[in-house]
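Enquirer: Protein sequences appear in the order of chains A and B.
Numbers 1 to 472, taken from this note's numbering, label the letters of the first sequence in order.
Numbers 473 to 710, taken from this note's numbering, label the letters of the second sequence in order.
Mixed in with the good hints there might be a few duds.
List time: in silico BS3-like cross-link candidates among lysine-lysine, alpha-carbon distance up to 27 Å [as the list claims (entries may be wrong)]:
no., chain 1, residue 1, chain 2, residue 2
1, B, K708, A, K472
2, A, K472, B, K652
3, A, K171, A, K418
4, A, K100, A, K171
5, A, K90, A, K136
6, A, K118, A, K418
7, A, K472, B, K671
8, B, K657, B, K671
9, A, K418, A, K136
Sample of chain B residues at the chain A side, in silico, Cβ under 7 Å [stated by the list, open to error]:
no., residue
10, E656
11, L660
12, F692
13, H695
14, R697
15, L698
For the record, the hints were derived by calculation from the structure and aren't laboratory data.
Owing to the predicted nature of the structure, the values given are computational and were not obtained by experimental measurement.
Don't be surprised by glycine CBs; every beta carbon is placed ideally from N, CA and C.
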Amino acid sequence: MRNSSINLNLFYRNLQRIFQRINNTVWKIFFVVLEITIEKFGARRRGTYFHGRVFRSVLADAKRHLKMMSDPAVPRLKLFTGEFRSVYLKDLFDVTYPIKETIEHLRGVMEWLRFACKVWCDEGCAAGYTILQGGKWLSPYPETTGYIIPTIWDWAKIADDGQDWKELARKLSLWEVEIQFPSGAVRQYYYDKTAKDESSPAVFNTGMVIFGLVRAYKETGEKVFYDAAVRAGDWLVNMQDDDGVWRRGDSTMPTNPLRTYHTRVAWSLAELWRESDDEKYKEAARRNLNWALTRQRENGFFDGAKFHIDENPLTHTIAYTIEGLLGAGFIFGEERYIEAAEMAAESAMLAYERMRFFPATFDENWHSDDGYSCLTGCAQFSVIWQKIYQQNADARFLNAALKINDFLKSTQWLDAQKPEIRGAVKGSHPIYGQYRGKYTDYSKFNYVNWAAKFFADALMLEIQNLERLGVK
Amino acid sequence: MKMRIFVFGSFMQPSAHLVRLNSFVRRFQDNNVQLTGVITRTLPLKNRVGTYFNPRRTLRLMYRTVHKKKTQNDDLPVYFVKDFSSKESIEKIRSFKPDLMVFIGGREILKPHLLEIPTIGTLGGHFGKLPEMRGMNVTEWALFHSKNPAVSIQFIDAGVDTGDIVFVRQIPIERDDTIKSLREKSNLLCQQLLVDATKLVLEGKCPRQHQKPEEGKQYFTMHHRLIEIAQRNLSKMQ
Numbered sequence: 001m002r003n004s005s006i007n008l009n010l011f012y013r014n015l016q017r018i019f020q021r022i023n024n025t026v027w028k029i030f031f032v033v034l035e036i037t038i039e040k041f042g043a044r045r046r047g048t049y050f051h052g053r054v055f056r057s058v059l060a061d062a063k064r065h066l067k068m069m070s071d072p073a074v075p076r077l078k079l080f081t082g083e084f085r086s087v088y089l090k091d092l093f094d095v096t097y098p099i100k101e102t103i104e105h106l107r108g109v110m111e112w113l114r115f116a117c118k119v120w121c122d123e124g125c126a127a128g129y130t131i132l133q134g135g136k137w138l139s140p141y142p143e144t145t146g147y148i149i150p151t152i153w154d155w156a157k158i159a160d161d162g163q164d165w166k167e168l169a170r171k172l173s174l175w176e177v178e179i180q181f182p183s184g185a186v187r188q189y190y191y192d193k194t195a196k197d198e199s200s201p202a203v204f205n206t207g208m209v210i211f212g213l214v215r216a217y218k219e220t221g222e223k224v225f226y227d228a229a230v231r232a233g234d235w236l237v238n239m240q241d242d243d244g245v246w247r248r249g250d251s252t253m254p255t256n257p258l259r260t261y262h263t264r265v266a267w268s269l270a271e272l273w274r275e276s277d278d279e280k281y282k283e284a285a286r287r288n289l290n291w292a293l294t295r296q297r298e299n300g301f302f303d304g305a306k307f308h309i310d311e312n313p314l315t316h317t318i319a320y321t322i323e324g325l326l327g328a329g330f331i332f333g334e335e336r337y338i339e340a341a342e343m344a345a346e347s348a349m350l351a352y353e354r355m356r357f358f359p360a361t362f363d364e365n366w367h368s369d370d371g372y373s374c375l376t377g378c379a380q381f382s383v384i385w386q387k388i389y390q391q392n393a394d395a396r397f398l399n400a401a402l403k404i405n406d407f408l409k410s411t412q413w414l415d416a417q418k419p420e421i422r423g424a425v426k427g428s429h430p431i432y433g434q435y436r437g438k439y440t441d442y443s444k445f446n447y448v449n450w451a452a453k454f455f456a457d458a459l460m461l462e463i464q465n466l467e468r469l470g471v472k
Numbered sequence: 473m474k475m476r477i478f479v480f481g482s483f484m485q486p487s488a489h490l491v492r493l494n495s496f497v498r499r500f501q502d503n504n505v506q507l508t509g510v511i512t513r514t515l516p517l518k519n520r521v522g523t524y525f526n527p528r529r530t531l532r533l534m535y536r537t538v539h540k541k542k543t544q545n546d547d548l549p550v551y552f553v554k555d556f557s558s559k560e561s562i563e564k565i566r567s568f569k570p571d572l573m574v575f576i577g578g579r580e581i582l583k584p585h586l587l588e589i590p591t592i593g594t595l596g597g598h599f600g601k602l603p604e605m606r607g608m609n610v611t612e613w614a615l616f617h618s619k620n621p622a623v624s625i626q627f628i629d630a631g632v633d634t635g636d637i638v639f640v641r642q643i644p645i646e647r648d649d650t651i652k653s654l655r656e657k658s659n660l661l662c663q664q665l666l667v668d669a670t671k672l673v674l675e676g677k678c679p680r681q682h683q684k685p686e687e688g689k690q691y692f693t694m695h696h697r698l699i700e701i702a703q704r705n706l707s708k709m710q
């Protein structure tokens, strides 16, 4: 009995060894095949600077995908065909696109923006392109078209066909004037040609259109743009409460009543003040910015920089808040606005570097357990960090911006056959957002024009900053 | 009473793990500093598959190499822990009753409950000038700012390179230096300074200069475009 027991132990031990060896071999084969597949796709993996994420993230995404597929609310893979399917699968397995010269990425995204304008015959820039329902363009978006106009003017100075771009920017500006309400306000949400002019006005959207109008006036000198900007500015001043908050007349979709990201509206008023010298715009802007400063915590976080109550703010709306303070701070030359913006931007930068990933949302302690990114927020923060670098010469900000730009470049498909997605920037990365019992995402399955705009801004700044440092 | 000194650390790549651990131990032995033991970490799964390396073989090899190099009268034990932050590992390390621990490298941030185990403290090296430059890639960051790279020895605390400073030494730049060679120089200097600091602790003469968190900045992995600038600055400084 004793002997047979020993033999049994030996047998089990040997069996265990054999299984271990098989197990190791299977793992090796699996990862070698995976690597070959990735190489064959000619793609580059996320995590260039952050080693060790790749394998874990592939496995985690595969598990997440299996969970997702069991939910009837989730669009099924079989709904996507051709390149849409490829986009979905690449995101699922964390396969990214090759990073090329910065100018190529910039040209790609600007050509996509031009396409998004052309689909509506230059009457506004399409809000985006969705890969759902077989793929279709969304309606023009007055708000984002407003702040896309300055980007087009900037690009026109670099592009070979600059005159065409200038013409496009002018046409978009004229369209903004055309659809402006008589009160000077701009409608909320997308523009619908067929609907009667019943859309309610929106403070934020009006502010964003001022950027385009003021820039068009600066570039062309045409009074029509100046008058439209003044009408919009006057309406904003009238809608503001005494404490500097805009409680009335804003988009009805966000549920947050006290929107700190209105600092970006204040910035637009600062731009208008610079052009018109009318003190009422400056006072209104400062009132709002001063109120926003009272909403900032010691760690730089802004309360109320979000669309909806009971959710953590998106990096997109946090960035709006910072952009407003920074932009207006530069115009007014007020250090306290710039310092407040820098404090928040530094906290976000440190969180990004420590996490080695830029999540879609942050809580009040700059923590997040999101597994997806809001690409618009990424691009906006790149712009913020680069502007701060230009201000204080702290190269850590430029470093973070270059890394996040590389990440954004790696999500941009420059070689796609379909021009609708070639060079475009997704709302969420992965495109389906994140599945945690229910969907969390930012504009899932869409390529959006505002992400493209901020990405283009970020790349133009990258080129400028690296040129100044003497790096080609 | 004899002081109980443990060397501990881990490296991401198994081959580096083997070489660096061994060279550190030898340097202590060459300087007649009596170590009580070596504590190291078993390598995580991602390294096993990432490098197609057999971890058991690596650790066996490492164990053998350390023992082969040992002096005849010194039976230096090597202890393996899963990581440096789990409860079991902490308990295991606590049972060794260390007076001084010397951290010889690794990417993990050491948790406070590990750092409070040794009665004197935990010594660690940093490839940058403290308190100015904390964090990662500080050799490159120093060159980016046209400054000489440096090595600092500190008593590690819970923050990132915010512990009490023991030594700061600058590295002179020579004609043929590259970023890689400067990192190697930093590594060698760091090893020697750790041994020197340990000796001073044994003699009860180790200096401790307190640093404030706001005195420096934390740096992170440098983007390759900025490394180009660091390299350009290096060639100007030669």
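Enquirer: Run every hint past the structure and note whether it holds.
Expert: A quick look at each hint next to the structure:
no. : hint              : verdict
1   : K708(B) x K472(A) : holds, 18 Å
2   : K472(A) x K652(B) : holds, 23 Å
3   : K171(A) x K418(A) : holds, 26 Å
4   : K100(A) x K171(A) : violated, 31 Å
5   : K90(A) x K136(A)  : holds, 21 Å
6   : K118(A) x K418(A) : holds, 15 Å
7   : K472(A) x K671(B) : violated, 49 Å
8   : K657(B) x K671(B) : holds, 21 Å
9   : K418(A) x K136(A) : holds, 12 Å
10  : E656              : violated, 20 Å
11  : L660              : violated, 25 Å
12  : F692              : holds, 4 Å
13  : H695              : holds, 4 Å
14  : R697              : holds, 5 Å
15  : L698              : holds, 6 Å
In summary, the numbered hints that this structure violates are 4, 7, 10 and 11.
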